[in-house]
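Chains as they are written, first to last, in our numbering: chain B, 1 to 280; chain E, 1 to 473.
There are no misleading hints in this set.
Below, a sample of chain E positions facing chain B; criterion: calculated Cβ distance under 10 Å: (1) E191; (2) E237; (3) F269; (4) F417.
Using C-beta positions, here's what the derived DEER-type ranges look like: (5) K455/E to I256/B: 28 to 38 Å; (6) V18/E to G268/B: 27 to 37 Å; (7) I256/B to L97/E: 34 to 44 Å.
No lab work stands behind these hints, which were simulated from the structure alone. Just so we're clear, the structure is a prediction, and the values are computed from it rather than from any experiment. Don't be surprised by glycine CBs; every beta carbon is placed ideally from N, CA and C.
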Amino acid sequence: MHSSSMIFSYITFVYFGAFVFYLFMMVMGRSGPGRVATFILWMGFVAHTFAILLRWFESYQMGIGHAPLSDLYESLVFFSWAIVLLYVLVEWRTKNRSFGTFVTPLAFLAMAYASFSPGIESQIRPLLPALKSNWLISHVVTCFFGYAAFGIAFGVSLMYLIKRLDKGGRERSLLTLIPATGILDDLNHQMMVIGFIMLTLGIITGSVWAQSAWGRYWGWDPKETASLITWLVYASALHSRLIVGWRGKKTAILCIIGFFCVLMTYFGVNFLTGLHSYAK
Amino acid sequence: MAQSNRKSNILWHFFKSVKLTIVLLIILAVLSILGTIIPQKGQGAHEFARTLTPELFHLFKSLNLFDMYHSLWFRLIIGCLALNLIICSLDRLPGTLKLIRTPSRPDRNRPFEDLPEEQLLVVQENRKEAPDRVAGLLRKRYRAVQEKQAGENHFFYVTKGGYSRFGFYFVHLSILIILAGALVGSFSGFEAYMEIVEGEKRDTAVLRDGMGSIKLGFDVQLDKFSLDVYDNGMPREYRSDLTFIIDGRFVKKQSVIVNDPAVFMGISFYQSSYGSVPSKDVRIRIRRPDSPQGFITREVARGGVYPMADDDGEFQVLDIRTDLMRMGPAVLIAVRKNEKEIMRFWVFQNWEVAKERLPGPMAQSLMFNPSAFKPYTFILDKLETRKYTVLQVNRDPGVPIVWIGCFLMVAGFFVTFFMFHRRIWIRVTLKERATEIAVAGTSNKNQVALQNELKHLTQELKNLMATMERRHA
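Same shape as in the complex, but just chain E (with noise of 0.2 Å):
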């Protein structure tokens, strides 16, 4: 009763189906399309949305097409496909175990019907102990052997590899562990990244999808960041040196370079990217040609207001960089020239250099000249900068059960490409003046290695009707 009510389900029925499988992929292929044609999040899909219509961009947006791989219907159709695996699973599932369990009669004619010659051999004389010997040989090969008596004819039945039926439940499986541990992955882990400068330390990482910070009930503190290069100049490795720290109390020490993370209570620590800033002391230094001592020196900070010589107005440092165009490290000065009008232009630390790469109009414009406010010349004294790293800090406990499935849909590759459910017959016939022997098979697949298997079992079988013939001789 129960049986049939759930055969008559709709909703059982619609998700049973194979076809449904194989529209779901091909949704989610060109769902995936769309989502590499559509920059997902990030500098790209900002630039992207701008040069949609404002209709067009609403659309996009109420649809999560900027992140669709996160989106709930996108979710809800890798439901769909999970619900499908799972039913169509359990729908054929008490057939194939009716298939290997329910042994087939042994005592067939059909499978003997149309049988190839070579499967098939007749020894002209009544031979009694003929079926007990094939029964020997057939138990040395299989491991169940059925038998059974029909008049003249002695029938046995053997089957092989039957479990290989199983092989595409456990690749189904696999795909629903594989979800499952991206689900446990998406509700109890998290991804985030954190910036320390060198011989600082940080307790907390700011949250990939911009939902706050996680305090990690620990520091973390980058002894030394270090950049080795080729030979050519291509980078060789970047590697961190960090501390882990509990409650002031060094605990532990490693290095992370890229591909080797470092783990510490659970978390992750991968080396995501580097950057400079400029330490706390900067200086500057103002030369003027007809001052006594030739140049005045100033401890500056961003944004610090500073006087120049002799109450000659002061200058302002609005930017500080590390790197200014990849020509080293700069300062931006803004300086009162009169009442209207403020000066702006960068200091770099080697103007030499600067004035070489850059282009000609940008070298002699106001902009880089460090001798913009006559007659004062500007120069970048000293300006040390502090190495920072970028760590990927995660933490997903769904990793492990992601390998176990990916471990098993291959292992269910193996099974049901490899492996295949062979069932053969064999029927020996006493008659009054003659034995014969016919050997018939079936299988699921790989019919090439049935039938050499046959044509194996069949020449043993002729080996041994040799044998007990030299011996009756």
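Next comes chain B alone, as it looks inside the complex (with noise of 0.2 Å):
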């Protein structure tokens, strides 16, 4: 076993830790642990930053060298790894830790699904013939940051929900630390652009390289038509917010649907016969 799949598998824990703190935060209704939470996620960033050039730098050393994006393992890893930076972005900026309780579980399972599923090879292997493209590392950091920014929205919108609950009242610790609902409609929407422009990149560069590699820019793969079901399901959601005005509960519920879109196209599709074949 690589010693950086060795620090992902202790990342795993490291994030479920984070998760549980901020729950606490949540339940407990004050900001101690929430800040406990966010040191933890900061060095399981650290870690994970570090362990991704690590294997980088192990596949090198293995004669194979190949940036760590080449099979379902890796972008696992990678998709984590994305989730983590944009959620600690959003703290961040917004100042507010609550949404860590919703985030941080999607790194976290992407991290056990990734070390601990036994269907997923976590060896360092050599590049196919087909992966062998400079659009490689391109196609999939858009493509990764567009989901995990998709992800971030799918936690927003569920927050979003959660907190129409809260009719005031009632004194409820969980969920008077969630933000005020117009906030969250600002960030579902700002993820949603950030998600859709990376999307439409992770599309383009694809095109690019299906074009370089097999001579066509669109194939109707089955990869390809459920990024393009994905896309059109955002394309909607965008316009039914800036043209027909439709705020607050329908996104959230749109962005849930297009999240599942997301995991169809990065999962569902796998069990399908296709050129991404990578992710077996």
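Put the complex together from the two separate chains, hints included.
Set out below in structure tokens:
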């Protein structure tokens, strides 16, 4: 087992720890555990970044050097990393830690799936000829930052729907720490915009790559089609907001549907045949 | 007149609606899901079709569901979306132009209603030069400053980022450009493939849609195909070394690997697949223990019939494989055993290895036993293979158009989402014993950034008034 894989499996527990403290913060309605959670998350993130670089280095030591973005294991690790990075930025910008309770589980689950699922190979393997391209890094990075932004939008949408239950009056410490619905709605929109632009860039870089590898920029392969479906769903969500004026609950629901499409694009399609068989 | 005619047109109304856009986007999404579930073309589609009842199959077939992305109705829906984009954009364009071109009257008081205190500053003195100084400051920060005086009030109006309202037109235009590029590709391009055996050349490619083949106008020769593997057996690189030949003259040599195609006379060649075929000379030995020479040798070809030794009948070579069940080269031999019975059996080149790897019952079976026809033992003595490459051969003049569309789309997103049109009004009121400056603004989005800008501007005006004060003192 590579030492990077060891570190990744430990990070799973670190992120779980951060999640537990975020949850404590919500349940107790006090900021103390939240600060601990942020500290733990930061530690995990630094180790995570280090381990990704280490894995990159390890692959060169094995003589098959390539960016650690080449299979399902590495993509899950990067997905989790992107979520934590975006989340840390959101926490810093909004000065609110309650998002952590809803976002860290995604980072934790992705790491747990990568590290502990028996079907996922954590070995560093050489690149297949089809993946040997300068487009690998830009395609994977843009796609997964898009997925991560949609993941955060999903968490924020859940918070929005939960916050609506808070009709005031009763003492609900679990909900009081969640920011006002207006702020959630704004953040949701921002994350959707970032995700949408990143997904667009991901699809475009994928098309350019497909053109240079197979001679067609679009071939209706299941992964391409699924990403187009995701793109269409978020395009509808943005239009319904910017032109028709849908806000709040409707946007949140569209966002949750959109994230379901993201998961289908990422995982579901692997059960069908197609050219993205890297994820086997 | 023409205007009102157009506006009352039902079709125009139908196609300008954003709700139609959303409905079309969702229909396309649902259809794409359908297209992923129903296998499109190829092997999967054939297997899926077999599971359907004949009626259902005919329904699917007539609706083109096995190739729906190329069906007329799917293209019609895309056409509707394009029309929707065009009409929706045209419908909104005059309004946007008006918003940007026609200046707002600077002397409006409504923006100043309910002004927060921090956007208001008052100096307890009449400063006659204040309007000029404010105008100077604004001219430094904004391109066009409009002024108007009304009694004791001096109004200024500035605007920035008006072009950002065009962002979504660019995005819509980019989608149309991409669709146009796809259309150009489907009308004036082709997708084909060609198989070339090492050392041979070809001048035609087979079209992917099964509509025959296409003459390239030059020859493509495969000098060498090489497959490189990693230590663990995974493929590292597939490479075809090609030579392009026009009228028998060697014009260009180029290697094609995956992700790095060759382009010759506007036609692109991509490494797609590879394989091997038996070369012409295949040699079989037949051993007979009691024969004086020990064995006889026959050069054979597929389908050929050859005599066994000493008028002892004949054998036929039914098939020649370069790699049977991943156990290397093998030939299928048929021998007439007696009047009624014909024996058939495979002869592997490397029988020892094959015997090890075949599952027990198969290794015992006569089907794979080279000594099945007693007393002879067949030996595949020589079978040379020649590699061939499969190249994807494309011409698609629409590709650059698609890339232009993609670039425009990303640029359009940045303008639409990250830039905004703000309009700012400043009112300088010269009272008898005081000067009052009010700053107000509106923005089509990103209110936070607008508030920051107003705060900044107010601060600068404050500094300006302070310097004037010092000079006065």
